[in-house]
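Peer 1: Here the protein sequences come in this chain order: E and Y.
Taking this note's numbering, the leading residue of the first sequence gets 215, the next gets one more, and so forth.
Taking this note's numbering, the leading residue of the second sequence gets 215, the next gets one more, and so forth.
Just so you know, not all the hints are guaranteed correct.
Identical chains share a label here; the pair holds if one copy fits it or two copies do between them.
To be verified - No more than 25 Å apart at the CA atoms, straight line, and that leaves these computed lysine-lysine pairs for DSS-like: (1) Lys492 with Lys596; (2) Lys240 with Lys380; (3) Lys491 with Lys596.
The set of hints was computed from the structure by calculation and includes no laboratory data.
Number of protein chains: 2
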Amino acid sequence: MNYSEMSSEQLLREKEELQKRYDEFKSQGLSLDMSRGKPSPKQLDITMDMLDSVKFEEAYKAENGFDCRNYGVLDGIEECKKLFADLLEVDTKNIIVGGNSSLNMMFDYIAQCMVNGAGSTPWLQQGNVKFICPAPGYDRHFGVLDFFGIEMITVDMLADGPDMDKIEELIKDSSVKGMFVVPKYSNPEGITFSDECVRRIASMKPAAEDFRVIWDNAYCVHDINDTPDKLLNVFEAAKKCGNEDMFIEVTSTSKISFPGAGVAALAASDNNINAIKKRMTIQTIGNDKLNQLRHVRYFKNLDGLKNHMKKHAELLKPKFEAVLRCFASELEGKGIAEWKNPNGGYFISLNALEGTAKRVGELCKEAGVVLTPPGATYPYGKDPKDSNIRIAPSFPSVEELEKAAELLAISVRLAACEKLLKKVM
Amino acid sequence: MNYSEMSSEQLLREKEELQKRYDEFKSQGLSLDMSRGKPSPKQLDITMDMLDSVKFEEAYKAENGFDCRNYGVLDGIEECKKLFADLLEVDTKNIIVGGNSSLNMMFDYIAQCMVNGAGSTPWLQQGNVKFICPAPGYDRHFGVLDFFGIEMITVDMLADGPDMDKIEELIKDSSVKGMFVVPKYSNPEGITFSDECVRRIASMKPAAEDFRVIWDNAYCVHDINDTPDKLLNVFEAAKKCGNEDMFIEVTSTSKISFPGAGVAALAASDNNINAIKKRMTIQTIGNDKLNQLRHVRYFKNLDGLKNHMKKHAELLKPKFEAVLRCFASELEGKGIAEWKNPNGGYFISLNALEGTAKRVGELCKEAGVVLTPPGATYPYGKDPKDSNIRIAPSFPSVEELEKAAELLAISVRLAACEKLLKKVM
Chain E
215 MNYSEMSSEQ LLREKEELQK RYDEFKSQGL SLDMSRGKPS PKQLDITMDM LDSVKFEEAY
275 KAENGFDCRN YGVLDGIEEC KKLFADLLEV DTKNIIVGGN SSLNMMFDYI AQCMVNGAGS
335 TPWLQQGNVK FICPAPGYDR HFGVLDFFGI EMITVDMLAD GPDMDKIEEL IKDSSVKGMF
395 VVPKYSNPEG ITFSDECVRR IASMKPAAED FRVIWDNAYC VHDINDTPDK LLNVFEAAKK
455 CGNEDMFIEV TSTSKISFPG AGVAALAASD NNINAIKKRM TIQTIGNDKL NQLRHVRYFK
515 NLDGLKNHMK KHAELLKPKF EAVLRCFASE LEGKGIAEWK NPNGGYFISL NALEGTAKRV
575 GELCKEAGVV LTPPGATYPY GKDPKDSNIR IAPSFPSVEE LEKAAELLAI SVRLAACEKL
635 LKKVM
Chain Y
215 MNYSEMSSEQ LLREKEELQK RYDEFKSQGL SLDMSRGKPS PKQLDITMDM LDSVKFEEAY
275 KAENGFDCRN YGVLDGIEEC KKLFADLLEV DTKNIIVGGN SSLNMMFDYI AQCMVNGAGS
335 TPWLQQGNVK FICPAPGYDR HFGVLDFFGI EMITVDMLAD GPDMDKIEEL IKDSSVKGMF
395 VVPKYSNPEG ITFSDECVRR IASMKPAAED FRVIWDNAYC VHDINDTPDK LLNVFEAAKK
455 CGNEDMFIEV TSTSKISFPG AGVAALAASD NNINAIKKRM TIQTIGNDKL NQLRHVRYFK
515 NLDGLKNHMK KHAELLKPKF EAVLRCFASE LEGKGIAEWK NPNGGYFISL NALEGTAKRV
575 GELCKEAGVV LTPPGATYPY GKDPKDSNIR IAPSFPSVEE LEKAAELLAI SVRLAACEKL
635 LKKVM
């Protein structure tokens, strides 16, 4: 029954029942973490053979004979660049291989824009600088912007990407310098931008000539079922509009090989690659090439990498299903929650009754289940509707997830009852 | 015979003989590189066993059980922090373990000062900012300063460290914000700062409260003979003067394990560690912990690491000796060159007759031996005396070095003859 149709009495009875179930959970002393998109140990086990692939004699040499143990090769060994080029569907010359973190590559790029500009006056010397933030979005993107004192303007995420009407208005302001997006299996909603949306982004004509879109393609091969989404190649679309300098794409193997010991990469236009290399030449003598070599030796090529991802999907699929199954049975038809059924990525996004997400977070925490702090998916940590909850189902086991999801659903219902009862009383 | 005592005729004859020897070398078609402090393949071979130390079951777990393959642990796993703490003689809490590059940690720290200040107004908003540059010094330090538009003020390196009288004058200017130094086996001279010099640096009272000394201890355990230098602990000296916030120390295993796949670390006061972590929290989810684990598993502790360095010394010592032997026989007593006999580090610094270093570089290059470009050891790439030449003897074999050093010595003599003949004619 839809909660909005319940009488106060019915709501009170519902609340009592839920409170009983909640207290039972609480007494179990759970300790589960669904706060971060962290692969499970089993997912990490499947890549262990990678670790001895550079040990044996001469095995430390790149295809061109370069000794990967030594200094040099600023932008990555050729075969590793090729692997990422194939993955992101760009030319090898448009790839820079980084260290173990694409977040680091994004942070460094924004730092570079602040200090050196993007073919322009340093952003730090341009007065108040603003970024567009499609939300709900990735908290660490917002963190980078906040760190550099860049003002964040929230724009809604719609079913097929960010609200482009709004964005096309905002970019008429030349102090609006860019936006971060996760275009495929977006964090947290698991939305993939439609072709039309990608084309509209690719053809934007911002007033700021140093406008940059950070295209965080973190989940480019992270399908979990048999109907994967397909994302349009943004560089191809951008080239048609002479806009290729507007995009900085990043990805990493954090959720392909090892989160703590993967390899990150960046794709960009010739101009941007040159500007970034100019900085990197001063910043480092080169990233870890033995680890680049390990990855190429192990995956061999894009097909190898894609096959590898099927093993991850096998482990992740039952976890997503466990959560979605629980939501369907506990929350459907009650008018107090909406969620999406993503084809890939690392998250399920749940919108609870407005004004209850924080309370749901508290209830879960008190009963031993840690969620991403509600609000984190919005700029400045403030969800204007206090509604969005990000669920990261990858780390716990299926059994644990079933419990955690049930507790979460109970908490969503309990918080809704509390809220609705407050209204009527 | 001292060249200054030679007649024009004697100089001409000397020049002819040298030219003959030079031409002979040139005809050999050498191709040797003494330009960078790059370990030789043999040096890298000795550490190969490190590479399989995290492969076997459960071997990827840190001492506290943490799965090093996964996300987390911003400042490094505890046992790796301890190894660097012992190495740099500081508390574990004052260590941050980085990626594979201490240059990157220094660059990021200066970037942080530019954008966020050092407990102060961002340097970018303080107008013209200056750094003291003891020279000859490390070209990549100068590169970082130049990249950020920081004005470089050259100060002479004396026999036991930088010219402190001069420095104590310069720091009265509050726009002078810091200096980079290599306090042990300095790059390029191989000088280790005397205790008195370290104490003077540690007790400086700069007008700028956000003054920072980047204490690049790259060669802290890089002895090559049985009479190693000892460097005073700068943090202990600084604490006595309430100056511990003034120092940022870095080091790495680039020349201990693998230049391309080592581990870097930073040591600093509680205040500075907090400020750096505040940035890192936004910049990354953590560096490569499997590589940290490899290093701890392999070296075990500081003694293990020191024993390992003896193997490097065995390989490096004959190379330094080959160059120094050649200089002694070819250049001694001629009044045209001075050099130091370092107890460790990666370089030999040669001061040729004033106004000839560039010419020596050209002569060597034409005959197939690449040196660090003369001038590179000074800010803006300009050696005011055009005299200093940095020799990096680590990469070529002893046989190759004997040839390269002889060619270099011949070139130094030839350039001196040319210069002196120009004067008298």
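Peer 1: Hint by hint, which ones does this structure get wrong, listed from lowest number up?
Peer 2: Of the numbered hints given earlier, the structure breaks just one, which is hint 2.
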